[in-house]
Amino acid sequence: MNIFYLLIGASLLAALIFLAAFIWAVRTGQFDDNETPPYRMLFDDEPVEEENGNKETERLRDEETERHK
Amino acid sequence: MELQKFYYDNKIVKQFIWATLIWGMVAVIVGLWIALELAFPGVNLGLDLVTFGRLRPVHTNAIIFAFVGNGIFAGVYYSMQKLLKTRMYNDMLSAINFWGWQLIILLAAITLVLGFTTSKEYAELEWPIDILIAIVWVTFGWNMIGTIMVRRVKHIYAAIWWYLATFIGIAILHIVNSFELPVSLFKSYSVYAGAQDAVVQWWYGHNAVAFFLTTPILGLMYYYLPKAVNRPIYSYKLSIIHFWSLIFLYMWAGPHHLLYQALPGWAQALGTTFSIMLIAPSWGGMINGFLTLRGAWDRVRDSAALKFFVVGLTAYGMATFEGPMMSLKNVNAITHFTDWTIAHVHIAGMGWNGGIIFGMLYWMVPVIFRTKLWSEKLANAHFWISTLGILIYAIPLYWAAVTQWLMWREYTPEGFLAYPNFMEILTHIIPMYVARIVGGTLFLTGFVLLIINLAKTMQAGKCPNEEAAEAPALPRLGPLDLEKETVHRWLERKGIQFSIVAFIVLAIGGAVEIIPMVFIKSNIPTIEAVTPYTPLELEGRDIYIREGCYTCHSQVVRPFRWETDRYGEYSKIGEFVYDHPYQWGSRRTGPDLARAGNMSGPMYKNAAWHFNHFMDPQKMNENSIMPRYPWLGANTIKAKTIPSKIRVMQKLGVPYPEGYDQQAVDDLREQAEIIAADLKASGIDIPADREMIAVIAYLHKLGRDISQPAAADSAEKELPPVVLPVAQADLDAGKENYMKICAVCHGPEGKGIPPAFPDLTDREWIHGGSPEAVAHSIREGSPAKGMIAYKSQLPEAQILQLAAYILQTLNTASDEDRQ
Chain F
11 MNIFYLLIGA SLLAALIFLA AFIWAVRTGQ FDDNETPPYR MLFDDEPVEE ENGNKETERL
71 RDEETERHK
Chain L
120 MELQKFYYDN KIVKQFIWAT LIWGMVAVIV GLWIALELAF PGVNLGLDLV TFGRLRPVHT
180 NAIIFAFVGN GIFAGVYYSM QKLLKTRMYN DMLSAINFWG WQLIILLAAI TLVLGFTTSK
240 EYAELEWPID ILIAIVWVTF GWNMIGTIMV RRVKHIYAAI WWYLATFIGI AILHIVNSFE
300 LPVSLFKSYS VYAGAQDAVV QWWYGHNAVA FFLTTPILGL MYYYLPKAVN RPIYSYKLSI
360 IHFWSLIFLY MWAGPHHLLY QALPGWAQAL GTTFSIMLIA PSWGGMINGF LTLRGAWDRV
420 RDSAALKFFV VGLTAYGMAT FEGPMMSLKN VNAITHFTDW TIAHVHIAGM GWNGGIIFGM
480 LYWMVPVIFR TKLWSEKLAN AHFWISTLGI LIYAIPLYWA AVTQWLMWRE YTPEGFLAYP
540 NFMEILTHII PMYVARIVGG TLFLTGFVLL IINLAKTMQA GKCPNEEAAE APALPRLGPL
600 DLEKETVHRW LERKGIQFSI VAFIVLAIGG AVEIIPMVFI KSNIPTIEAV TPYTPLELEG
660 RDIYIREGCY TCHSQVVRPF RWETDRYGEY SKIGEFVYDH PYQWGSRRTG PDLARAGNMS
720 GPMYKNAAWH FNHFMDPQKM NENSIMPRYP WLGANTIKAK TIPSKIRVMQ KLGVPYPEGY
780 DQQAVDDLRE QAEIIAADLK ASGIDIPADR EMIAVIAYLH KLGRDISQPA AADSAEKELP
840 PVVLPVAQAD LDAGKENYMK ICAVCHGPEG KGIPPAFPDL TDREWIHGGS PEAVAHSIRE
900 GSPAKGMIAY KSQLPEAQIL QLAAYILQTL NTASDEDRQ
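Here the protein sequences come in this chain order: F and L.
If you want my numbering, it's the 1-based position in the first sequence plus 10.
If you want my numbering, it's the 1-based position in the second sequence plus 119.
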């Protein structure tokens, strides 16, 4: 049943990735504040009224795309 | 800080919502159809495309990947954008994710119906689709991680962690489990064999439940429940703790699917231990969800969305308690292979997955369409119909499971199985199968109400594809600027992207290199008598896989007396070394077939019986629910692919002699001729090139290698005299057993189907018609001809009653006249 080497390896790999993610999260302060995030997610921004036409929409979309690069 | 204006992508969310609704309904309809097939086999229509074995994988895959999958994507694409205050990373990736996933679903439906399957449960899709899944899945992860990188909110809310775990978990599982060597575009063999294949499969199967049906749904729960009730989650800390513990524990619980099967004991113990530990983080999620509703239960009364969340959490709590309990070896001994498993997964699927996704949709659709739900009343009707449907579905199946475990294990005071005929037990369960159809119909009705309600809501509202929003920018580092930062800092920032790309490349590359070398070589034959499948048997096995026989028949006998008495010798790891893929199955709607080829065992049936049974199971067994397989008698064996199949098997380490691929077709024909001649002797005319011949060859291979040769005919010996009982009570008892056991072959009136199944009513007796000879025939059977020895199934008194019934009631010839 050599297959267990593979499966334990794969499971450990997953565990290591999760561990790395956990360490990253702790070190970047993801868990420093456990009070405000559950409240903050409840507030969605009011929909912004659209005074601009399609051109403006497209321009902003392009800007966003640019920002994502 | 600078206020940035941007647009949320609502279009992708709408697309996924519609995909969820449409595919969800298709999946439930297919489920209802196969439920009908189990209760009324005529619904199989005698048509290969829609038999139970082909449609069940369609149902399971459609529910998991089409309904729940699209529901997850809809929920993730909406909540990620809102939580991180940014548009999704890349519209093109979103589109590939959406259209790619729908293409996979479409291909899956078509190929599964056509019988292209790997037969590994919930991973049935063949290799080209597996590759497509990997590509689309990576696209999804890339898009998600990209979105995190460009977020405008520093904190990554709990829900997103669950989404990330989903991506990573499924990526690893899918890649490891899908290693198969292609024979042709739509046929491949798993690189793992037998017990090893089973372990990989259930490591995958269990974790697919974890990372596809649990983690993403918990993520959805953490976003949509607080939103719907407009309260923060009860404990954010608990959400973090139970997230990390759950994802670390889940990966190790897989072996609990293989308890008491051919698997090392330590692996079984490991699976059980981790399963029990999983109760804690699982219930952490349930408790966190329920307590979020504290002080707001009045709102549950008025909101269908919240009601669905409550039922979802309840079902989650039930299923995650029930699951660990079922992983205890002593509990598993009785629940495994029964309908308990089916009830368990439907509580989780309909209750938990369905509940959270329905709740999410009822909240989300009105919000993005900026209107109210069209009819809260209709939604409540959906809720009650659906919940009732779940109960009416599950309770009969639990009942059926209890019936199965009691009757499978029941012994008479004399020490024989009380119900040696598997059919008799199944007959008791059919009413439960009818009842569950009612449950499924209710669930489907609810689903229709959901679609009507949401369609009307969408009609009433307006949802721009681009939703304008504003948010302050998050300070973010641009491209590498050596003057401002060190290379190391930059690498660190890009580290996540790099590591993911590197991981995928390494995982695939490494696995391709390593797996064939290390793991195939370890399939060293340990039982000398076990030989590779002959080309004909291999072909029969592929047909067995194509028809999805594994959905109802297991091929592994556990080491319990009540299993070895019913099926034969218990299974050993060494028996399966040539099984690519393994065929242990997970459910016994029909009897286990691991010993179907053991001539001296209780499961053996001769070729003529199999032929008649495949053509019309109900003719052989009135109450049978097996579909008819008439096409096996009409389709011809595709001999052209045999050489490449042999070559692939050789690559996988199956020791066919070198150059055997050239000889394989001849060997196949030769063996087929023998079986065809055997059938001809029984009065059945079928050309030797038919698929039926191959399947019979395969069934006769099962368990044959480790069985004892059939005992030599001892009819020559002087038989001890017997005195047949004459009392009416004895004849009645004999008749009862006759109907249960003998009628399967010899017919209810004893007419049989000569010459394969001799007529018991005439004056001709092959093995003698004296009371002594008839009793002897029942006692010792005639294994070579397909009649098993009943001395291991019935006490002597009952054998004599049977002989009395046959000779005195059924047989019309006079005592002197019988030959």
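Treat each hint with caution, since some may be false.
Pair ranges (Cβ atoms, derived) [unchecked claim]:
(1) F:T75 / L:N349: 53 to 63 Å
(2) F:T46 / L:K491: 27 to 37 Å
(3) L:F305 / F:W34: 37 to 47 Å
(4) L:K496 / F:T75: 35 to 45 Å
(5) L:P301 / F:G39: 19 to 29 Å
With the C-beta cut set under 7 Å, the calculated list includes, among others, these residues of chain L facing chain F [said to hold, decoys possible]:
(6) Y208
(7) I275
(8) Y276
(9) I291
(10) P351
(11) Y355
(12) K356
(13) L838
(14) V841
No lab work stands behind these hints: they were computed from the structure.
From a predicted model like this one, the values you see are computed outputs, not experimental measurements.
We put the beta carbon where it would ideally sit given N, CA and C, even for glycine.
Each hint tested on the structure:
1. F:T75 / L:N349: 53 to 63 Å: violated (33 Å)
2. F:T46 / L:K491: 27 to 37 Å: With a Cβ separation near 30 Å, T46 of chain F and K491 of chain L satisfy 27 to 37 Å, so the hint holds.
3. L:F305 / F:W34: 37 to 47 Å: holds (42 Å)
4. L:K496 / F:T75: 35 to 45 Å: Once the Cβ atoms are compared, 44 Å apart, the range 35 to 45 Å for T75 of chain F and K496 of chain L holds.
5. L:P301 / F:G39: 19 to 29 Å: violated (48 Å)
6. Y208: Constraint on Y208 of chain L satisfied, holds at 6 Å.
7. I275: At 6 Å from the nearest chain F Cβ, I275 of chain L passes the 7 Å test, so the hint holds.
8. Y276: holds (5 Å)
9. I291: I291 of chain L check passes; min Cβ-Cβ to chain F is 5 Å, inside 7 Å.
10. P351: holds (4 Å)
11. Y355: Constraint on Y355 of chain L satisfied, holds at 5 Å.
12. K356: holds (5 Å)
13. L838: Violated - the Cβ of L838 of chain L stays beyond 7 Å from chain F, reaching only about 50 Å at its closest.
14. V841: violated (51 Å)
Hints 1, 5, 13, 14 from the list above are not met by this structure, while the remaining hints are.
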